[in-house]
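> Could you build all of it, start to finish, from the sequences and the hints given here?
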Amino acid sequence: MPTNGVPTRLTQGSGTRGGIGESTLRPDGTLKVTGEFAYSSDMWHEDMLWGHILRSTFAHAEILSIDTGEALATPGVYAVLTYDDLPTDVRHYGLEIRDTPVLAHGKVRHHGEPVAIVAADHPETARRAAAKIKVDYRELPVVTDEATATAPGAVLVHENRDDGHAGHVPHPNIVHRQPIVRGDVGEARRRADVIVEGEYTFGMQDQAFLGPESGLAVPEEDGGVHLYIATQWLHSDLRQIAPVLGLPEDRVRMTLAGVGGAFGGREDLSMQIHACLLALRTGKPVKIVYNRFESFFGHVHRHPARLRYEHGATADGRLTHVRCRIVLDGGAYASASPAVVGNAASLGIGPYVVDDVDIEAVALYTNNPPCGAMRGFGAVQACFAYEAQMDRLAARLGMDPVEFRQLNAMEQGTLLPTGQRVDSPAPVAELLRRVKAMPMPPERQWESSEGADVRQLPGGLSNTTHGEGVVRGVGYAVGIKNVGFSEGFDDYSTARVRMEVVGGEPVATVHTAMAEVGQGGITVHAQIARTELGVARVTIHPADTRVGSAGSTSASRQTYVTGGAVRNACELVRERVLELGRRRFGSYHPAWATAELLLEDGKVVTDGGEVLAGLADVLGEEAVEVEEEWRHRPTEPFDPRTGQGNGHVQYSFAAHRAVVEVDTELGLVKVVELACAQDVGKALNPLSVIGQIQGGTTQGLGMAVMEEILVDSGTAKVRNPSFTDYLIPTILDTPTIPVDLLELADDHAPYGLRGVGEAPTLSSTPAVLAAIRDATGLALDRTPVRPEHLTGTG
Amino acid sequence: MRIDFTVNGRRQEADDVWEGESLLYVLRERLGLPGSKNACEQGECGSCTVRLDGVPVCACLVAAGQVQGRDVVTVEGLADFARQRSRGTGARGTSLDEAQEWQAHGSDSRTGEGGGLSPVQQAFIDAGAVQCGFCTPGLLVAADEMLERNPDPDDADIREALSGNLCRCTGYEKIMDAVRLAAARRSEGV
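Protein sequences appear in the order of chains A and B.
Note that this note's numbering has the first sequence beginning at 15, numbered continuously upward.
Note that this note's numbering has the second sequence beginning at 28, numbered continuously upward.
Heads up, some of the hints might be wrong.
What the hints assert, rightly or not - With the C-beta cut set under 10 Å, the calculated list includes, among others, these residues of chain A facing chain B: (1) Ser37; (2) Arg40; (3) Asp56; (4) Gln221; (5) Leu224; (6) Asn305; (7) Asp467; (8) Gly474; (9) Gly616; (10) Val619; (11) Leu688; (12) Thr744.
Hint data in this document are derived by calculation from the structure and do not stem from the laboratory.
Being a predicted model, the structure only gives us computed values, none of them experimental.
Where is the CB? At the ideal position from N, CA and C, for every residue including glycine.
Right, dumping it as structure tokens:
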């Protein structure tokens, strides 16, 4: 094994063009720029119907009656289904806890919950018919936060819980609780010269992927159904869909349609079961496409959070202890809440060395919109709070905020609060050094010979300032994110790789069920196959359920896990190809038996570079095919009382420096630059890696200054379900994002790589907040920051 | 109602159009041109941007009846549109001869390179400006129109011109790179 931190030697030379480490271009790029790429909402079938979902207008209400008569009588309507029409006793689904009704039964628990579904020959007919369904509701009181959810006599969101967490939670309106205790906080607290307490609020963020939830369900002759769908994990969907339909899994065929982004919002089911039910009922293909309004109700959001922290440090700047309590609002259904709690708790103090900690994270059941997975998954909320604390501590100690972080930065060998040792590079201090060393953007860049270019100023073309009242601020932040599924989950992937001669040329075909959601996994699979099999041509088979599970496209895990599965399958194919070669040509050259052999540029070569045979000759008429599961190192659950356990597989680190300009009179912020340094282990495709970092950084920027789903605290109704009222960054809001890649190999991972996608979303938000605090001198304990928070008028 | 209009240089008819349908719906669901995307259907995201008599518009905000007798260019026709423009023959769409010779553009699995793309389409691929790609068609139509008006844009010009097109994947940096690349290649005559 090579020394940790040194790039791993390739199992196969990188001699084949288009292999790993090169910025090869997307195989789907041409289709995507010509409009020919078929997204889930583009699916079309002769004779297809359109499905539409009627959603609840209240957040918490009893359903007294549902009258579908008038809807069913509408010309063009083929079916109207409610809970009573579900075909089996399995009427709920969920990622871990099956608490989500396919259609509401007797009660709705959040605003926008599906109540009935309609199929009609035109989408407008379906919409209008749904509007004719009469639902008689009796409103119930809502619980909306920790105080109302755990008050004496509070309404229970779910009665008679029997899930795996019900036994250890302090209240039935708490989905899951994870404490982590280590060392002796009481004793450590006495050593502290400085103690800083803070209470922080993190708003509800939406994934806001651009391709709306959609798909096409086609009934099949054997009574089954074929679903063309945009999802993050085909097999997870399958396991939840089939029992509700009353079909064996092999009669629910699933093919990945084009996915217009995901970011966690497609981990849970949306319209999958509804489309299948309508297709099976009507015998016709059924397409469902949400519009943006419905999309805001149709997927889970990032958990809003309240976070209370106490940090202590000695006068020379060493952290003594951390106490924290993180309260995540999971909304009406569990979704991924238990795992989000595990992340928030185990990563709750950030990438720092602290021996004495007392951490508690909980997720609530409330009548707010359900919350679950979004890029960063529990680590994001904590990072916002602990990085604010680090700045406050540094200020109290009179230290530079970067030097203070570097002094306390974790490194390889550090123990996490869970007792797990970090056994791969953790270059936290180095990332901070690098991001700080980047050149600063010039001051007053709006000034030109023709006067102020207002486009470069806060307020932009609104022409609110020509520089008066504008103050620059600079802020830093760093974060830690786990890679892969944690806490003992069997986190495997499957790859099928085939090698054969087509048109006289050796061709590899890679077939996995990995959901390509835009991240570029398919690009990387082709690169791995070229590197490992020495072929120029690689075909990527469409993702479907005819091959084993690839696991989820989440947790920054696909290049690691499905990439690992593809490499593993390629290695097995390579061995069989070499066996074939030895059988056919072994007698012609002794090197077949004695030398280490590689496949490069379509040939079998010795490690000395001597060519033994062409791959086309070795293969001849034979096709070599392997399908194999691949796993990373196993993990363990966290102890339910102490939180101890080797729960994580790998970590990902990123640091940001934000430069902002604030119009302090109007409270308008312009982010001028958002620089990032990240350790990626090994950049399999540098262009894609940088794209991930810039995209993740921008979602963090949105969380800092604009993005928040507003939920009315009295009614628990969503107030801004549109892109008019829920703002995501435009190209005018987004600054330049210089990226510095560090590549320190993790020798436990394929090629030494590190999951990339999420870490930049963590530190981006607190860096922008720190910069705004630097510019304004305000404490700013909530995100996103709105103008009224800066002008004292809100 | 029936609508007759020109899409990407070809006469098109749509029958039995309901009055409430948008141009976007007619393109996607009636004419088999789903390249224009349906990300918000309320004019906020720009992913359905098309040229209507040369002017970039959100197809979701144009009632189908408004396009009667008019000329629409979508992402599917962008390469032909750019080719015609560069030949100086005007934006007249595809000739019958060319249409008959049309075939799907294959792409190289190693490089992603395909034939017959417009400069701005090729630049989006080369610069890594495409991730999920859902915003791409609208951005391409908008960027192509901007470069037609302003062949040598500075960064502020690009940002202003593309500010109506949301992208959630890229953080826009590679989109900036792509537009700069397309402009640079044009000025170099590549």
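> Which of the listed hints are broken here?
9 and 10
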